[in-house]
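Below are the chains, spelled out letter by letter.
Protein chains: 2
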Amino acid sequence: MERWGEHEREIVEHPGAVAIVAVDDEGFVALVQQLREPTRRRLLELPAGTAEPGEEPLATARRELREECGLRGGEWRELAAFWTTPGFCRERMHLFAAVGVERGEAAPAEDEELQLVRWPVGEIPKRLHEIEDAKTLAGLLLYLRLPAEATGPG
Amino acid sequence: MERWGEHEREIVEHPGAVAIVAVDDEGFVALVQQLREPTRRRLLELPAGTAEPGEEPLATARRELREECGLRGGEWRELAAFWTTPGFCRERMHLFAAVGVERGEAAPAEDEELQLVRWPVGEIPKRLHEIEDAKTLAGLLLYLRLPAEATGPG
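Here the protein sequences come in this chain order: V and P. First residue of the first sequence? That's 1 in our numbering, and the numbers climb one at a time after it. First residue of the second sequence? That's 1001 in our numbering, and the numbers climb one at a time after it.
Check the hints yourself; a few may be wrong.
Examples of chain V residues lying across from chain P (beta carbon under 8 Å, computed) [what the hints assert, rightly or not]:
#, residue
1, T85
2, V117
3, K135
No wet-lab data here; the hints were simulated from the structure. Because the structure is a prediction, the values reported are computed rather than measured. Think of the CB as a built atom: it goes at the ideal place given N, C-alpha and C, for glycine as much as any other residue.
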C-alpha cells in the first residue's frame, strides 16, 4: 500500500521487464506460444521476460532471447519503453528490436512450456489480428515503422 | 489462486477494460494526463476505463469517453482486443477508434484528476516517443494504419 495525497493505493511491485522483436538471418520474426493461465488460452507473444536483480534491460533481453528461442547475436536497438498497466502495476517494459540474429539451442526455464513460432516478416501486417497481447502488438507495429534498412535481411 | 496442471498461480482478476482513440471534428486526438501512482509520474494516455457489471465493451467505451473527455457521437470501430499483462492478470482490453466525435462537458469520477490534452492527428507520428503507456502506444499505432477515409476529418 502507498499513500499519495488523499489516495491510498495497492500497487503490484515488479522488477522490470523486456520484450524483443527478433528477426533472424532468414527473415523470420520469432514468436513464442504458451499457455497463459490468467487468460486460459495459449497466446502468441514476443519473447519476453523479467529482469534479474541488478540486470540492465538490454542484458535481460539478450538472455531471454537466448533462453527462450536459442537466438543470439544480431543488431539491437530500443524501440520503446512503457508501463504495461500504469493504473495498478509498476511493471515498466523495455521493447527491443534485434535483427540478423542467429539460431542455436534454446534453454527455457523449467516452468516454461514454450512453442517457438516463426513468421516471415512480410506476413506481419496481415497477421496482426492473430495477436492478443498488448506488448506484442505494440512491438510488431513499431517494428513495421522502422526504416527499411533497420528491419533486417528479410 | 488457481491450479493449472502442475502449476499454482496467483491471478489478478479484472472486469475488463476499454481504451479509445477519439478524434474530434477539428482533427485532434484526445489524450488524458493523470498521475499514475504506481509509476510515480503523470502519464499521457488514451481515455480508458473499466467495465461496470454486465456492461458491453462498446458501451463502456462510449461512457468513459463522455465522462473523461466530454466527447460524444462519432463513428466507432473496434481496432483490437488484447490482454494487457497475460502473465499475471486477467485484464482483457478492447481498443476502439471513434472519429468525428463532438465536444461537450466532461464529468470525470471524483477520484480522477485528469487533464485533457489534444494533439493534431498529423503530429502523432513524430510524438510517439512521448507515450509511455502500452495501450496508448498500441492504439495510436493501429489508428495510424487505418485507411485514410477511416481516420476522420483531420
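Consistency of the hints with the structure:
1. T85: holds (5 Å)
2. V117: violated (16 Å)
3. K135: OK, holds: K135 (chain V) within 8 Å of chain P, min 6 Å.
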